[in-house]
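Colleague: Sequence:
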Amino acid sequence: MILKQQLIKNIEQLSAMELIIVHNFVQILTRQTQPQRLKTGYLKTREALAICQGNLSEDVILDREERL
Numbered sequence: 001m002i003l004k005q006q007l008i009k010n011i012e013q014l015s016a017m018e019l020i021i022v023h024n025f026v027q028i029l030t031r032q033t034q035p036q037r038l039k040t041g042y043l044k045t046r047e048a049l050a051i052c053q054g055n056l057s058e059d060v061i062l063d064r065e066e067r068l
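Quick note on numbering: the numbering used here labels position 63 of the sequence shown as 63, and the sequence is numbered without any gaps.
It is worth saying that the hints were derived from the structure and are not from the lab. Warning: the hint list may mix true and false statements.
To be verified - Ranges between beta-carbon positions, derived for each pair:
(1) 9 / 41: 37 to 43 Å
(2) 17 / 67: 34 to 40 Å
(3) 61 / 15: 54 to 60 Å
(4) 5 / 41: 45 to 51 Å
(5) 50 / 15: 51 to 57 Å
(6) 14 / 67: 55 to 61 Å
(7) 44 / 24: 30 to 36 Å
(8) 48 / 6: 46 to 52 Å
(9) 56 / 19: 17 to 23 Å
(10) 27 / 56: 21 to 27 Å
(11) 18 / 44: 39 to 45 Å
(12) 58 / 21: 38 to 44 Å
Using N, Cα and C, we set each Cβ at its ideal position, and we do this for glycine too.
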């Protein structure tokens with residue numbers, strides 16, 4: 001908790017431009033949690049496709065050939 005208080009005191013002394021830079025750093029740090037959400041979405045897609053019979057890639061290729 002001491003670190004947080006020291007950080008707040010330092011932030012209060014920053015100029016407007018320095019605050020913008022700190023804000024950008026915070027945004028970058030919080031974005032690092034997003035790939036986990038994407039990973040779970042990928043796994044959900046895999047689960048949904050697991051019940052499909054046959055080969056999905058062959059079906060896509062056949063569908064494309066039919067359109068040509």
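Colleague: Could you run down the list of hints and mark each one as holding or not?
Modeller: Hint check:
no.: 1; hint: 9 / 41: 37 to 43 Å; verdict: 40 Å, holds
no.: 2; hint: 17 / 67: 34 to 40 Å; verdict: 55 Å, violated
no.: 3; hint: 61 / 15: 54 to 60 Å; verdict: 59 Å, holds
no.: 4; hint: 5 / 41: 45 to 51 Å; verdict: 38 Å, violated
no.: 5; hint: 50 / 15: 51 to 57 Å; verdict: 55 Å, holds
no.: 6; hint: 14 / 67: 55 to 61 Å; verdict: 59 Å, holds
no.: 7; hint: 44 / 24: 30 to 36 Å; verdict: 32 Å, holds
no.: 8; hint: 48 / 6: 46 to 52 Å; verdict: 48 Å, holds
no.: 9; hint: 56 / 19: 17 to 23 Å; verdict: 50 Å, violated
no.: 10; hint: 27 / 56: 21 to 27 Å; verdict: 37 Å, violated
no.: 11; hint: 18 / 44: 39 to 45 Å; verdict: 42 Å, holds
no.: 12; hint: 58 / 21: 38 to 44 Å; verdict: 52 Å, violated
When the structure is compared with the earlier hints, violations turn up for hints 2, 4, 9, 10 and 12 and for no others.
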